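Visitor: Listed below are the residues making up each chain.
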Amino acid sequence: NAGVMQNPRHLVRRRGQEARLRCSPMKGHSHVYWYRQLPEEGLKFMVYLQKENIIDESGMPKERFSAEFPKEGPSILRIQQVVRGDSAAYFCASSPDRNSPLHFGNGTRLTVT
Amino acid sequence: AQSVTQLGSHVSVSEGALVLLRCNYSSSVPPYLFWYVQYPNQGLQLLLKYTSAATLVKGINGFEAEFKKSETSFHLTKPSAHMSDAAEYFCAVTPNSGGGADGLTFGKGTHLIIQP
Numbered sequence: 002n003a004g005v006m007q008n009p010r011h012l013v014r015r016r017g018q019e020a021r022l023r024c025s026p027m028k029g030h031s032h033v034y035w036y037r038q039l040p041e042e043g044l045k046f047m048v049y050l051q052k053e054n055i056i057d058e059s060g061m062p063k064e065r066f067s068a069e070f071p072k073e074g075p076s077i078l079r080i081q082q083v084v085r086g087d088s089a090a091y092f093c094a095s096s097p098d099r100n101s102p103l104h105f106g107n108g109t110r111l112t113v114t
Numbered sequence: 775a776q777s778v779t780q781l782g783s784h785v786s787v788s789e790g791a792l793v794l795l796r797c798n799y800s801s802s803v804p805p806y807l808f809w810y811v812q813y814p815n816q817g818l819q820l821l822l823k824y825t826s827a828a829t830l831v832k833g834i835n836g837f838e839a840e841f842k843k844s845e846t847s848f849h850l851t852k853p854s855a856h857m858s859d860a861a862e863y864f865c866a867v868t869p870n871s872g873g874g875a876d877g878l879t880f881g882k883g884t885h886l887i888i889q890p
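Line by line, the protein sequences are chains D and P.
FYI, the numbering for the first sequence is 2 to 114, going by the numbering used here.
FYI, the numbering for the second sequence is 775 to 890, going by the numbering used here.
No lab work stands behind these hints: they were computed from the structure.
Among these hints, one or two may not hold up.
Partner residues are not named here, just some residues of chain D that face chain P (Cβ under 8 Å, in silico) [as the list claims (entries may be wrong)]:
1. G29
2. E42
3. L44
4. F66
5. S88
6. N100
7. G108
Under the rule of at most 25 Å between Cα atoms (straight-line distance), these lysine to aspartate or glutamate pairs were calculated in the DMTMM-like manner [stated by the list, open to error]:
8. P/K882 / D/D57
9. P/K882 / D/D87
10. D/K52 / D/E19
11. D/K45 / D/D98
12. P/K882 / D/E58
13. D/K63 / D/E42
All figures in this text were calculated on a predicted structure; none of them were measured in a lab.
Virtual Cβ for every residue (Gly too), placed ideally from N, Cα, C.
Go ahead and model the full structure; you've got the sequences and the hints to work with.
Guide: Okay, here's the thing in structure tokens:
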């Protein structure tokens, strides 16, 4: 059973470009979470999705950030008009239900130049 | 509201020595507590979790943690450190009654260094 797959592992964008981060949850998992990790910081919750629904987006910045988890295909975290402060590691995690522990992917490291 | 404080951003121990990583929590409801480990360039792996059963919880790789309500603590220990234990360790808390991941709040992490 493959784990949580994130791609790309590393992403470099210039200021003002768009970043698209992908996450394929573990087989049988319909709950997806996105976290952001800044240097010397713990993981900060961004958004919690189930198939086709955003359940909790209380951790998402109000502008430029969006997330989706379509019926088919991976979950996408989209950052428009990136700025240097968006440079971080973005982790996706999945679970079969909200009562089960998370399984994490290896992250996407975004660098904005 | 809930929060987690991990004392010591870096902890260094000698190989074979006791490992003690500290975690204190704040929660307005009975908490469910987790320790995760992160190896370089990887995601987080669950070490162990406390969900109101036994207060002493055993995890993988010889780690264990004890829930102490009176001290609002959930410190992680291992009797004898191994070089492969070098990693970043995160304590986390959730109010999720099922002990799951919903509403998980992480501490800032402790980087464990093992000296040969």
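Visitor: Checked against the structure, which of the hints given earlier come out wrong?
Guide: 1, 4 and 5
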